Amino acid sequence: MAEEGSNETSVDRRILQQIDAALVKWEAARKKAHYDDCSDLPDHEVTELITVLAATARRAAPLGSVHRTAVDGIVEKHGVTVALTIADLAGILLALRSDYLAGYLDDIQ
73 MAEEGSNETS
83 VDRRILQQID
93 AALVKWEAAR
103 KKAHYDDCSD
113 LPDHEVTELI
123 TVLAATARRA
133 APLGSVHRTA
143 VDGIVEKHGV
153 TVALTIADLA
163 GILLALRSDY
173 LAGYLDDIQ
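Residue numbers are given in the numbering used here: position 48 of the sequence shown equals residue 120, and the series is strictly consecutive.
Note that these hints are calculated values from the structure, not bench results. Given the structure is predicted, the values throughout are model-derived calculations rather than measurements. The beta carbon of each residue, even a glycine, is placed where N, CA and C say it ideally should be. Check the hints yourself; a few may be wrong.
To be verified - Under the rule of at most 16 angstroms between Cα atoms (straight-line distance), these lysine to aspartate or glutamate pairs were calculated in the EDC-like manner:
id, residue 1, residue 2
1, K104, E120
2, K97, D84
3, K104, D115
4, K103, E117
To be verified - Pairwise CB distance ranges (calculated):
id, residue 1, residue 2, range
5, E99, H150, 19 to 27 angstroms
6, D115, S82, 16 to 24 angstroms
7, Y107, L135, 18 to 26 angstroms
8, D144, Q89, 28 to 36 angstroms
9, H106, T153, 27 to 35 angstroms
Please take these sequences and the hints and turn them into a complete structure.
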């Protein structure tokens, strides 16, 4: 989902593809669930979604970034089984996506 005028590199494109794939998975889960936080989904689906979102964010986030620190804090506090963390992790991925497209992470990678 490259946007015209963006500063993205081929590495950025691969990262953005991974972020987009994780966000598509999140959107699909939200559509399937009765509750927006996905808390009514089976436990294994919640765990899978949290794991995918967290792993994608960790791969995409530079060491020492607020994105990585936030993901690590969420997973450390709640593990990968608490549905209330899903929206937070998706928000981190959305922020990472925006930052990559704007070229804000170029200097810290």
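So which of the earlier hints does this model not fit?
Violated hints (numbers, rising): 2, 6, 7, 8 and 9; every other hint is consistent with the structure.
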